[in-house]
Amino acid sequence: MKISSHISIPDAEIELHAIRAQGAGGQNVNKVSTAIHLRFDINASSLPDDYKEKLRQLTDRRISGDGVIVIKAQRYRSQEKNREDALARLQALIKSAGITPRKRTATKPTRGSVKRRIEGKTQRGQLKALRGKVEE
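First residue of the sequence shown: 248, per my numbering; consecutive thereafter.
Hints listed in this document are in silico derivations from the structure and should not be mistaken for laboratory results. There's no promise every hint is true.
Dumping the calculated DMTMM-like pairs for lysine to aspartate or glutamate here, alpha-carbon to alpha-carbon at most 25 Å [as the list claims (entries may be wrong)]:
id : residue 1 : residue 2
1  : Lys342    : Glu382
2  : Lys249    : Glu331
3  : Lys350    : Asp296
4  : Lys342    : Asp313
5  : Lys350    : Glu331
6  : Lys319    : Glu383
7  : Lys350    : Asp307
8  : Lys301    : Glu327
9  : Lys301    : Asp288
10 : Lys342    : Asp332
11 : Lys328    : Asp296
12 : Lys301    : Glu383
13 : Lys301    : Glu366
14 : Lys350    : Asp332
15 : Lys355    : Glu382
16 : Lys342    : Asp307
17 : Lys342    : Asp297
18 : Lys342    : Glu366
19 : Lys368    : Asp297
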C-alpha cells in the first residue's frame, strides 16, 4: 500500500480478517462474512521512526495501548468494497500523522484596526449610556 511518493507498506504487515457485519441486513447478514477487521502493528511496521512516533502520540480510539491500529469496515454490503474502505482509512490515518502543522507567526494589529475597534467601543458605550433613566 502506497502512503506517499517515498513511503509504502508491504501487504504482509497488514492483517485482514473477514467477519460477520452487525446490524440489520436480512437473511444475508447471518450467512456471509462481509465486514473486514484490519489490524496494523505500528511498532513492527517498516514505517519511518517519525511516523511511528506521531501515530503513537495520536489520541485516536482506533489505536490500542499496544500500538496496534484496529479498523472495522462494514459500511458496504460486499467484502471487496469493505476491504478497500478499510485500507483507505488506514492510509488516511497514516497520512495525517505525516503532516506537520505550520508554525504560527505572531502579528500585531495595525494602527488603523486598533483605532476602528476603540471607536466602535466608544460608540457602543454612548448608545448604552442613552438607555438610562430620563431625568427632568
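To see whether the hints hold, each was checked on the structure:
1. Lys342 with Glu382: violated (68 Å)
2. Lys249 with Glu331: holds (13 Å)
3. Lys350 with Asp296: OK: Lys350 and Asp296 at ~22 Å, within 25 Å.
4. Lys342 with Asp313: holds (20 Å)
5. Lys350 with Glu331: Since the Cα atoms of Lys350 and Glu331 sit roughly 35 Å apart, the hinted pair is violated (cutoff 25 Å).
6. Lys319 with Glu383: Distance ~76 Å between Lys319 and Glu383 Cα, so the pair is violated.
7. Lys350 with Asp307: Judged against 25 Å, a Cα distance of about 23 Å means the pair holds.
8. Lys301 with Glu327: violated (30 Å)
9. Lys301 with Asp288: Measuring from Cα to Cα gives roughly 14 Å; hence the hint holds.
10. Lys342 with Asp332: holds (15 Å)
11. Lys328 with Asp296: violated (31 Å)
12. Lys301 with Glu383: violated (71 Å)
13. Lys301 with Glu366: Between Lys301 and Glu366 the Cα gap is close to 47 Å, so the pair fails against 25 Å, i.e. violated.
14. Lys350 with Asp332: Given that 25 Å is the threshold and the Cα spacing comes to 33 Å, the pair is violated.
15. Lys355 with Glu382: Answer violated: Lys355 to Glu382 is near 44 Å, above 25 Å.
16. Lys342 with Asp307: holds (14 Å)
17. Lys342 with Asp297: holds (12 Å)
18. Lys342 with Glu366: Roughly 47 Å separates the two Cα atoms, so the pair is violated.
19. Lys368 with Asp297: With Cα atoms ~49 Å apart, Lys368 and Asp297 exceed 25 Å; violated.
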